[in-house]
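Chemist: The residues making up each chain are set out below.
Number of protein chains: 2
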Amino acid sequence: MQLNCSEPMIHVSRGPLTESVHRGFIAVTDTEGNVLYQLGDPDYITFARSAAKLLQALPVIESGAVDRYGLNEREISLLSASHSGEAEHVDTVHSILRKIGAAEDELQCGPHFPLNRDAASLIRERGGKPGRVHNNCSGKHSGMLAWSHHLGEATEHYMSPDHPVQQAMLGAVADMAGLAPSGVVLGTDGCGVPVFGMPLRRLAQAYARLGRPDGLPDERAAACRRVTAAVARHPFYLAGTDRFDTRLIEVSQGRILGKFGAEGVFALSVPDRGWGLALKVEDGAERALYPAVLEAVSQLGLLTASELAQLAAFRRPELRNWAGTQVGYITPAFRLEPRG
Amino acid sequence: MQLNCSEPMIHVSRGPLTESVHRGFIAVTDTEGNVLYQLGDPDYITFARSAAKLLQALPVIESGAVDRYGLNEREISLLSASHSGEAEHVDTVHSILRKIGAAEDELQCGPHFPLNRDAASLIRERGGKPGRVHNNCSGKHSGMLAWSHHLGEATEHYMSPDHPVQQAMLGAVADMAGLAPSGVVLGTDGCGVPVFGMPLRRLAQAYARLGRPDGLPDERAAACRRVTAAVARHPFYLAGTDRFDTRLIEVSQGRILGKFGAEGVFALSVPDRGWGLALKVEDGAERALYPAVLEAVSQLGLLTASELAQLAAFRRPELRNWAGTQVGYITPAFRLEPRG
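Top to bottom, those sequences are chains A and B.
So the first sequence is numbered by our numbering: it starts at 5 and just counts up by one.
So the second sequence is numbered by our numbering: it starts at 5 and just counts up by one.
For the record, the hints were derived by calculation from the structure and aren't laboratory data.
Backbone N, C-alpha and C fix where the C-beta goes; we use that ideal spot for every residue, glycine too.
Where hints are given, some of them may not hold.
Label pairs and their in silico Cβ distance ranges [stated by the list, open to error]:
1. A:333 / B:126: 41 to 47 Å
2. B:156 / A:9: 51 to 57 Å
3. B:161 / A:322: 36 to 42 Å
4. B:102 / A:91: 14 to 20 Å
5. A:246 / B:320: 32 to 38 Å
Just a sample of chain B residues kept apart from chain A, beta carbon distances all over 12 Å, derived [unchecked claim]:
6. 13
7. 40
8. 72
9. 324
Not everything, but these chain B residues come out facing chain A in the computed CB check (under 10 Å) [said to hold, decoys possible]:
10. 73
11. 267
12. 315
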């Protein structure tokens, strides 16, 4: 058990009553890991889940695999994706696999229908089944295969925590977060590979450094710049149509680079300020996540009013009943506290 | 804002870490509303949502509509249902509508695909669309139509809080809960009709009295006995195949009569003891609901070990990844406190 009391973050209202409450934690830090703003305990430990993917792309670039196989910026963005399984995403996964000379069945992420509803319907209408390429993590897995092919490592057990590619990713994630690899808690993701548990403050620090890698070793700094440039220029490949991550980067024109993780996690980088932010909805609810991220971003003054307006549907979603009538709202209910 | 600190109720683990925490509130009372056991604040106010449906069936019986139209016990059970839209449920809704002389389009609940996956697939495979009868609340709405037809009230606006049937239901719910109608907070349900907000302790009291109506006026006591008998004998009509509410009543052989409500609510009656229990998952997550109810029921000694074993899949569900490997658990993490 961690802290016994956590802070309210989001209210779900119905008529005159707050029907449900989502609590959570936020840490905003600089590149040194100093906490600038917080909600609740900034040292709350949780899994970064897919919010670690931008960090996991670093060793793929640093290994030389990206250059050797000539991966383009769309493909680099997709290495960090929780993509929607739209045609462009699937084509790009196939392109990566072709370039590295890997067969589709080398991917070991379990198949699931595309997150994008239209893409899923298309498969269903044709009586088809989703493949491993449709798994939202197939870009990350392609990166793991690229790393392994390039360095001559067998890929049969590439998902095992002992495999060199997982060790390389753990090393990079830990290093960016200012932790020893042994200080990172390991679990297993929905896609089968290790996930990385750490204090939120450390995840925020990793994102601060990702966006402003000035003090890092040259090779690492260059890799950070390639990842952030790819994601900023091709946010569609990080998520997909109408997805929050994509829209946040598009609307902010790359001033904010953010990534969703399952179970209510979000991490974002603000390169101009050298800040990172990490957020966890305590109960894991995705419905609370985007309103909370936008509220935090708004309180920090990171988006203009007109930019926030473009993201309004994510910020205060309406609850509607089966007949389509509005019956309630999902509303932010917290104030970030400055620290220091 | 209510209490600023709530109690952990359910842990969602992944590997060595508690990844997400669901907090919540439980009140166990006798028929007088005395709190016997609690988790957190027993006066926490929330909407009963569909957990009020057994109470809402009372005025339908008391009006004389059930006798006049000759509704059988399956149909009475369905009046209180959040049913799965299986063939038997839909047929029974049609049967009620036929008996009362109502057309299907008098139902004003919005259509949605059946909660039962097979029933939903069947409609999709035939290229069909779900109707209002498939709405999980169509039994309750049929009861509202039965009441209105019997008493000669127009049904055009039967969902309005001002309509006599809604006033009758508010009156019955408030009375069972030991509240004045003005003490009940009103909101709008997913199906369009009013929902009833009250302290958990009051919802528990209403369920205690429902199961042991000895001190109530004769007509009300008789209606309580007809509702509980119908639900105990025909729990399938309260929910459906593999649904928790149905299985809890089946496995306990009617010693526990429980009803789910949206946004993480559950209410149950233990007639033998004259107890009621009301539970709210603070964040509304259904995944936390059944493990929490079963843990409470287990701590109260209301089910035998062999009965609990039959419900094990609801009590500590496994989390699996897309490849089917177990990666975590949903586990109860609370202790009910005796009071008094």
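Chemist: Look at each hint and say if it fits the structure.
Modeler: Verification of the hints:
1. A:333 / B:126: 41 to 47 Å: The hinted range 41 to 47 Å is violated for residue 333 (chain A) and residue 126 (chain B), with Cβ atoms some 35 Å apart.
2. B:156 / A:9: 51 to 57 Å: 55 Å, holds
3. B:161 / A:322: 36 to 42 Å: 23 Å, violated
4. B:102 / A:91: 14 to 20 Å: Violated, since residue 102 (chain B) and residue 91 (chain A) (Cβ atoms, about 49 Å apart) do not stay within the stated range.
5. A:246 / B:320: 32 to 38 Å: Because 36 Å falls inside the window, the suggested range holds.
6. 13: 10 Å, violated
7. 40: Holds: least Cβ distance 24 Å, greater than 12 Å.
8. 72: 29 Å, holds
9. 324: At roughly 9 Å from the nearest Cβ of chain A, residue 324 (chain B) sits no farther out than 12 Å, so the non-interface label is violated.
10. 73: With a closest approach of 26 Å, the residue 73 (chain B) hint is violated.
11. 267: 5 Å, holds
12. 315: Because about 23 Å separates residue 315 (chain B) from the closest Cβ in chain A, which is outside the 10 Å limit, the hint is violated.
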